[in-house]
Every structure is written in C-alpha cells, then in structure tokens.
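Engineer: Sequence:
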Amino acid sequence: MKHRHIPPNSLTFTNPNITNPKPNPHRLTITVTTATSSDSTTIINTPKPQSSQGGKNSVKVGARVRVKVPLKVYHVPKVSEVELNGKEGKIKENIAVWKGKYISASFPIKVEFFEVLEGRGNAPVKFFAHLKQDEFEYID
Numbered sequence: 001m002k003h004r005h006i007p008p009n010s011l012t013f014t015n016p017n018i019t020n021p022k023p024n025p026h027r028l029t030i031t032v033t034t035a036t037s038s039d040s041t042t043i044i045n046t047p048k049p050q051s052s053q054g055g056k057n058s059v060k061v062g063a064r065v066r067v068k069v070p071l072k073v074y075h076v077p078k079v080s081e082v083e084l085n086g087k088e089g090k091i092k093e094n095i096a097v098w099k100g101k102y103i104s105a106s107f108p109i110k111v112e113f114f115e116v117l118e119g120r121g122n123a124p125v126k127f128f129a130h131l132k133q134d135e136f137e138y139i140d
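Each residue of the sequence shown is one higher than the one before, counting from 1 in our numbering.
These are computed hints drawn from the structure, not numbers from a lab. On a predicted model such as this, the values are computed, not experimentally measured, just so you know. Backbone N, C-alpha and C fix where the C-beta goes; we use that ideal spot for every residue, glycine too. It cannot be assumed that every hint is accurate.
Across the chosen pairs, the derived CB separations fall in these ranges [what the hints assert, rightly or not]:
no.	residue 1	residue 2	range
1	Tyr102	Asn122	17 to 23 angstroms
2	Gly100	Val79	34 to 40 angstroms
3	Lys101	Lys22	49 to 55 angstroms
Capping the alpha-carbon separation at 25 angstroms, the derived lysine-lysine pairs in BS3-like fashion look like this [as the list claims (entries may be wrong)]:
no.	residue 1	residue 2
4	Lys87	Lys72
5	Lys22	Lys60
6	Lys132	Lys87
7	Lys99	Lys132
8	Lys72	Lys92
9	Lys90	Lys110
10	Lys87	Lys99
11	Lys60	Lys132
12	Lys72	Lys99
With the hints as constraints, model all of the structure from the sequences given.
Structural biologist: Rendered as structure tokens:
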C-alpha cells in the first residue's frame, strides 16, 4: 500500500456555510460539518428543591443538632483534632441547594459549633463542620 505525502500548505479546511467563488483545483479540500443547536435539543428536568418544612430528607436551618457518629475534624486553628461525637451545634446552611438547584455536595449540611476546646483556653471557640444527614440527630 502506497501512502501519499500531502504537504500542510496544500490543505484547505472549509465551512460548508461559506462558499468560495474560486476554489483551487490543486488543493485537497476537507469539509467539516458540526451539529448546531438547532439540529439537536436536549431537555433536562431539574427536580424542585424540597422546602425546609417537608420531606423526610429536609433540613431545618437553625435547628439544634447533636453529632451521633465518631467523627474527627482537623481544621480548627491551634488544635490538632476535634472529636465531634456528642457535640451539639446549630444548622447554618444546606449547601446542597444553590440558587434553587441541587448540586452534588459530599457533606451538604453546614453546622456551627460553639465549644470550649482543650488547648484554646476557657473561651468558647466558634467553628464550622460540614456533615451528612445521617451523622447527626435533631435535639429540638
């Protein structure tokens, strides 16, 4: 099988929507066609976010919660680790719903804790942790 070498300056890429009045007969013409938005339409239905009042997986922003699983966080300044099991906090935000649409957050519930921590003195320290729905229970 013989292969023919085509020098790059002899190639021409054309758009089928634009016509060339004088095509060069000595050049290889490659026509590329692409689908436009009018050729295909995709409709995706996004589920409506649940209200904070109903549904079994609804999140009550402002509710008091208690962490019910062994869980350590390492992002509190001047403390190597904080064990959250049994600590109480307040739900600040459900980040799974953003601008009215669901997003895929691994830990969608933002909980605020206000605790006295060992190594930080006697003053309470405010910090946040992102949790899953099954990692806490409501205490209100």
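Engineer: So, against the hints stated earlier in the document, which numbers end up violated here?
Structural biologist: The structure breaks hints 1, 5, 10 and 12; every other hint is satisfied.
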